[in-house]
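> Line by line, the protein sequences give chains H and L.
Everything in the first sequence is counted per my numbering, starting at 1 for the first residue and increasing by one.
Everything in the second sequence is counted per my numbering, starting at 1001 for the first residue and increasing by one.
Please keep in mind that the hints were generated in silico from the structure rather than gathered at the bench.
Honestly, I wouldn't trust all of these hints.
Just some of the chain H residues that point at chain L, by a computed CB distance under 10 Å [what the hints assert, rightly or not]:
| id | residue |
| --- | --- |
| 1 | R31 |
| 2 | V33 |
| 3 | S67 |
| 4 | H78 |
| 5 | I86 |
| 6 | V95 |
No residue lacks a Cβ here, since even glycine has one placed at the ideal position from N, Cα and C.
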Amino acid sequence: MSESSQGKDTSGVTLGRFFAQAREGALTGIRCVGCGALAVPPKELCPECGARRWEPVPLSGEGTIASYTVIRVAPRGHAGDAPYAIAAVRLREGVSLLGRVVDVPLEALAVGLPVRFRPIVVKDRPAIAFGPA
Amino acid sequence: MRRVAVIGVGVTQFGRHERTSAELFAEAAADALADAEMPAARVQALYYGNVVGGETEKQLHTGPQAASVLGIPTVPTTRFETACASSHAAFRHAVMEIASGASDVVLVGGAERVLNVPTADSTEYFAYASDASWEQTLGLTFPGVFALVARAHMHKYGTTEEKMAAVAVKNNKHGVLNPKAQFRKEITLDTVLKSPMVADPLKLYDCCPFTDGGAALVLVSEEVARRSRRPIWVLASAAASDWMLIGDKRDLSRVPATERAAAAAYRQAGIGPHDVDVVELHDCFTIAEIVATEGLGLFEPGAGGLAAEKGWTSLGGQIPVNPSGGLKAKGHPIGATGAAQICEVVTQLRGEAGPRQVEGARRGLTHTLGGNTATVLVSLFGRE
Chain H
1 MSESSQGKDT SGVTLGRFFA QAREGALTGI RCVGCGALAV PPKELCPECG
51 ARRWEPVPLS GEGTIASYTV IRVAPRGHAG DAPYAIAAVR LREGVSLLGR
101 VVDVPLEALA VGLPVRFRPI VVKDRPAIAF GPA
Chain L
1001 MRRVAVIGVG VTQFGRHERT SAELFAEAAA DALADAEMPA ARVQALYYGN
1051 VVGGETEKQL HTGPQAASVL GIPTVPTTRF ETACASSHAA FRHAVMEIAS
1101 GASDVVLVGG AERVLNVPTA DSTEYFAYAS DASWEQTLGL TFPGVFALVA
1151 RAHMHKYGTT EEKMAAVAVK NNKHGVLNPK AQFRKEITLD TVLKSPMVAD
1201 PLKLYDCCPF TDGGAALVLV SEEVARRSRR PIWVLASAAA SDWMLIGDKR
1251 DLSRVPATER AAAAAYRQAG IGPHDVDVVE LHDCFTIAEI VATEGLGLFE
1301 PGAGGLAAEK GWTSLGGQIP VNPSGGLKAK GHPIGATGAA QICEVVTQLR
1351 GEAGPRQVEG ARRGLTHTLG GNTATVLVSL FGRE
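Kindly generate the complete structure, drawing on both the sequences and the hints.
And the structure:
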């Protein structure tokens, strides 16, 4: 907890910057300088040790599907995309990200399937997707 | 802390309404006050749940609006929003207001109006309860959230689509016995399994409906309760939260907030899961009931589906779950749901549930989940 007095978040990985970098193909996590815990930005305090100092860490984008679904009844704004797959992907580094799954046949989706990050833009906004490893 | 009791309950018909959410709440609240034989002038505060009023009715500040329509405009009113758990969160805070000695008579309730907009719009508005940057951008829906839970549960425990469907069949069967329910029709396993896919593996009949409705209850201190005809005591009310992002949740086959809220509630009440006779829990999707029965400690992890399939959670079973028909058949007016669940358990513990009565029920539990499993409330009730 003493870490919290040592200064503000130093990672510089705001939500906006994370997605700006993701759009360029780079995934950036944050690592707690106090205890080494890896997290997905943005976070102010480390949920493990309470420290307030982070450093940016490049993520490989390689992982496996932990769970998945195919959205067939979509929200108004995404209705034109349906059906589309969404998966929770556990990255090699240990953090998980939710993303669309692209270029994988819907019937080939499976828990444990290796996938790799790729950037997409949905309705003019950068978003996370995964394609075949 | 002072003891707190529920002495009046009121629930509107669930389904499609042509009235505003404030009007629906007012009907339920007036019924609850009449049931409690409590003059409106004695109400000292209103704790109110409403979720998508800003979207479906272009209405914020819904608390004072609801109080005004009821006819108690000068009562201090606060609106709670914890997604689908909103009026249960309102309830917990009202319990604390009375337990602390600040008030003796508090009105709690909620209402929602969603069937006045098309399904694609309500689907979008409900999705606002997931993260805007990480999840809404992907087109994640609430069936999608619970589909991820279902797939993880299937992978870990071998839960089948048939076991999930058994929950829908059971709750629809219960709903037939509830005159306030949105759906009062039995369905077969085949109907569920052959219904259109919404978010694999969840099909239309795995999902609760969109619903308009209101619910309310009168909460009082022990001193006031002692002068009422049939008080039902609040034994515990606990809340828990969890990571907002699906990606930050470590094991999608579980809902840790349910486990934490349940543990806290059992500790407060000094009882365990096997001391409970009747349960109203958050079956927004069939898999949600399975995971909730496990998280509440009613069954071992992985055994929730079997419990539904074997009839252990049916009326007449070892622990009846959702005798009202649950969100699945009774309906899910999201801002009203937590209060409506409490109204059902109070009715059960009074022994006034008619054909859906759980015989001899002495203690009851309500469980309400908000959003992408990031909010859970659990409360316990007793006849003594």
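> Does each hint hold? Answer for all of them.
Going down the list of hints, with the structure as the test:
Because the beta carbon of R31(H) sits about 15 Å from the nearest beta carbon in chain L, more than 10 Å, this interface hint is broken. Using the Cβ-Cβ criterion of 10 Å, the hint placing V33(H) at the interface with chain L is not satisfied: the shortest such distance is roughly 20 Å. Checking S67(H) against chain L: minimum C-beta separation of about 4 Å stays under 10 Å; hint holds. Annotation: interface hint on H78(H) holds; nearest CB of chain L at approximately 3 Å, less than 10 Å.
With 10 Å as the threshold, the beta carbon of I86(H) comes within range of chain L, its nearest partner Cβ sitting at about 6 Å, so the hint holds. Taken as an interface hint, V95(H) checks out: its beta carbon lies about 7 Å from the nearest beta carbon of chain L, inside 10 Å.
Hints 1, 2 from the earlier list are contradicted by this structure; the remaining hints agree with it.
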